Amino acid sequence: MSSLPKHLALTAVLTIAAGSVSAQQLAPSPTLDAIKARGHLECGVHLGLPGFSYANDKGEWSGIDVDYCRALAAAILGDATKVKFTPTSVQQRWPVLQSGQVDVLARNTTITFSRNATLGVNFQGINFYEGQTFVVRKGAAATPKDLDGASVCVAAGSTEEKNAADWFKERGLKISIINFQKNDDAIAAYDSGRCDAYTAGIGALAGQRIKLKKPDDNVVMTETISNDPQGPTTRWNDERFQLVVRWVLNGQIAAEAYGVTSKNVDEMKASSQSGDIRRLLGVEGGFGAMMGIPNDWMYQAIKQVGNYAESYERTVGLGSPLKLARGKNELWTKGGALFSPPFQ
Amino acid sequence: MNGADAGLVPFGPGQAEIASDGRVTIIGPRHGRRFARNLFGTPLDAAITLACAALLVWAAIPLLRWLVLDATVSGTTRDDCTGSGACWVFVRARFGQFMYGFYPQAERWRVDLAGALLVAVTASLAWPGLPGKRPLGLAALIVGPPLGVWLLHGGWSLRPVETREWGGLMLTVFLSVYGALLALPLGIVLALGRQSRLPVIRLIATIAIEFWRGVPIIAVLFLASLLLPLILPDGAGIDRLARAVIGLGLCIAAYMAEAVRGGLQALPPGQAEAAAALGLGYWRTTGLVILPQALRVSLPALTNEFIALVKNTSLVLIVSIFDLLGIAQAALADPAWVGKTWEAYAFAGVIYWLMCFGLSRWSLAVERRGRRGVRN
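Respectively, the protein sequence lines represent chains A and B. Position in the first sequence (from 1) plus 833 gives the number in our numbering. Position in the second sequence (from 1) plus 9 gives the number in our numbering.
Please note that the accuracy of each hint is not assured.
Said to hold, decoys possible - Listed next, the stretches of chain B that the computed footprint assigns to chain A, with coverage defined by at least 3 CB atoms under 8 Å from CB atoms of chain A:
| hint | segment |
| --- | --- |
| 1 | 95-106 |
| 2 | 214-221 |
| 3 | 229-236 |
| 4 | 322-331 |
Honestly, the hints are just simulated from the structure, not real lab data. All values reported here derive from a predicted model rather than from experimental measurement. We treat Cβ as the ideally placed atom computed from N, Cα and C, and that holds for glycine.
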C-alpha cells in the first residue's frame, strides 16, 4: 500500500509529460498484484496442438500461443521464463479462467459474440486468424476458387463438409464432395490420390500435412473460406490487466511493423529517432508505468521472445516444420489482416 | 493316434523335432501326445488349429516386422526413421517424459527411489515364508504413503516439485496406488456398514455405495476438477491431483465395497456364531474371524477392481493431467514427431498390459498361498 501514492505521483508526472489530456490514476489490479506477488504468470494453453502449444523433447512448452504467454511474462516481470503453463482440455478452458486458476488463456479458441457476452470473458485481440481451408498437391490450386471442378475428401456430416458445400454453391462453383466416415479416413484417401483436396482448419491442416507420405509435395492454402479469429482471453473485471494483455499483443505486432526485432532491439532502443519506436520501447512516454508495469515492458518482450513475425516463423511459419505461409496473419500493409493501433 | 501325430508336422516351430514314429523329442512323448490330441483330435479340430495358426502367422509376421525387423532404433530425429517399421527413436527421445512427465531431471532419482521402495515392499509381501511379514506390512502401510508423497512432492529439505510437473508412468502408478490406498479401507468400511445391524449405518453405507457406483467416473473427475474450484472460495483449492485421486478413490471404493460384501456373504453364519460363542465382541469377531476369510474370498474380485482402477486412471486426461496415455498423446503434438501415433499408443499399451498382467499374477500368487493356508 505504501508504494501506491508513489505510483500515483509517478503516473501523474508521466502522463503530463506525455501530453495526455487527463491525469489518470492507476486503477487497482488484483491480477497484476497477484502475478507480481507469486513471481510468475499463470497461462492456460492447449493440451497439445502442433505449432500452437506443445512440449518438446526437453519438456519445454513451445508454440505461438506459448510464445505470447512468454512475452506477457517478460513484459510484466521482466523475465520470459517466469510463466507456468496449465494445459487445458476443451471442456476445461473456461472454468480454469473463470475460477482464477490461470491469469490468461492463450488457447486456440475462436472469438465469438456469445462467448464474449455470456461466459464472463473478454478477448484481447487476435494472434491467429484461423479458418477453414484446403490442402492440395503443390501447384494444383492456389486459392479455394481454383478448386472449381475438383474433388474434396471430407468426413461425412462434419461442419467442414457443410461449410465447403455452401461456400462453393454461393459462388456458382462446382466441387464433388467425397464422404468418409472419419477424418482420418478422409486424409488417408486424399493422401492416396482419391481426391484433389482435403479440408479442415488451417492450423489443424498444417499439422496434418506433416503426416502425409510426402509432406513437401503438398501445400496448405492460406486463403480461408471461414473466419475464426483467436487470441488471448481474460476474465471480466480488472481492466488494467486486460490493458496489459491487449497491448503486449499489439506491441508484438507493432514491433514487426516498425521493424524492431529481438536482434536489433538494443540498437533501436539506443538510437532510434522514431517517436513510435521510442514509445514502444519505453525510451519516452512512460507507457509501462501507466499500466503499473516497468517502462521497458515491450523492450523485454521483444528482446526475449521477439516480434510477431519472429514468433510466427519459429512456431507455425516457414522456419517450423508446419511451414505455414503468413496469409491473413500478415500485416495489413502486406495484404494480411494484422494491425496494431498506434503507440501514441 | 499316429495319423493325428502326423498332422502335427506342419504346425509350430518344433515340427522338425517330431520323429516318424510320432514321438516328439523336445517336449516329451506324453506332452506331445496330449498336445496333438487336443489340437488335432478330429479332422475338424485339425482344421480349426491350422486356421488359427495361419491367422496367427498372417497377423504376427507383419506385426513383428513393424515392431522389430523393419523398425528404426538409433538416431535422434524423425529423419532418421527411413524404414517402413516403427520409429522407436521417437519413444527413445521421449522416454524420460513418458516415465516422469515434466518432473525436473535432477530430481528424478526421488521417483526412482519411491518406485523401488514400492516394488520392494510389494514383492516382499508376496514372498512366501518371509519372516516378520506382518510388522513389515503394517509399517509399510503407515509409513509408506506419507513417505511416498514426501519423496515425490518434496518439502523438508527436498526441493518441492509441483504436481503439475508430474506425469507419465509415475503419475499412472501414483494415481493407482493412492487411489487403491484410499479405496480399499473405505470399501471395507462401507461393506461392513452395509451388513451392519444398525439401520442408520446400513442406510448411510447403502446410499454412499449406490451413489458412487451410479455416477460415471468421468463426471466425478469433472466435478472435482472444474466445479470445486468454482464453488470453493479462492485459494482454498485442494491440489488438482489430490482432487483426482480422491474422486477416483471414492468411485473405486464403492465397487470394492461390493466385492468385499460378496466375500462377507460367502462366509457361513457359523463362523460369526462360533466367534460369539467364544465371547468375542463385534470388533474382534470382524477383525480376527470374518474379515481375514472374507478378504481372501473376495481377492479375485478386488484384483479385478484394482486392474480397472489402473486403466481408469487414464481418464484423468480429460482434466488435463498427463498420465502415461496423456503424455504419449501430448508428444504427438510436437511437430518434430507428429504422426508417430502407432508408436505412442503401442508403447503405452504395452506398459499398461505389463502392469495389469503383473497385478493379476501377483494376486494369483497371493490367492494360492491363501488357499494353502485354509487347507492347513
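Verification of the supplied hints:
no.: 1; hint: 95-106; result: holds (count 4)
no.: 2; hint: 214-221; result: violated (count 0)
no.: 3; hint: 229-236; result: holds (count 4)
no.: 4; hint: 322-331; result: holds (count 5)
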